[in-house]
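Asker: Sequence:
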Amino acid sequence: MVPTLPSFGESLLSPMNMDMQELIKAEPKQLLNNIAASKCPKGKLEHLSPGGESEELKSQNTELASSRSLLPKQVAQLKQKVLSHVNSSCQLLPQY
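So the mapping is simple: my numbering equals the position in the sequence shown, first residue as 1, plus 142.
Derived from the structure by calculation, the hints contain no laboratory data. Hints are supplied without guarantee of correctness; some may be wrong.
What the hints assert, rightly or not - Mimicking EDC-like on lysine to aspartate or glutamate, the simulated pairs with C-alpha atoms at most 20 Å apart in a straight line are:
#1 LYS181 to GLU169
#2 LYS181 to GLU195
#3 LYS215 to GLU205
None of these values were measured; they are calculated from a predicted model.
All chains should be built: construct the whole structure from the sequences, respecting the hints.
Answerer: Below, the structure is given as structure tokens:
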């Protein structure tokens, strides 16, 4: 028996083969999706963990903000000390 070629418009692959090919093609995509899905909750937990980096950064931010608010007061006090020394004819810094 001589195999015949399909006429124009007919597929070389049977419907069963097409279904198999789709399954084979979809499998690697599904594996990659499963890997990505397994990593996603880990990332969320890192961002939401109560003892995580975000809590540490918030604490550090609070400390820095309180230090920042004290700096203008300290500058004013130092200026006042310098002025009082200058007014009393005290030379604080050597002449360069």
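Asker: Are the hints correct? Go through all of them and say.
Answerer: Against the structure, the hints come out as follows:
no.	hint	in the structure
1	LYS181 to GLU169	holds, 19 Å
2	LYS181 to GLU195	holds, 19 Å
3	LYS215 to GLU205	holds, 17 Å
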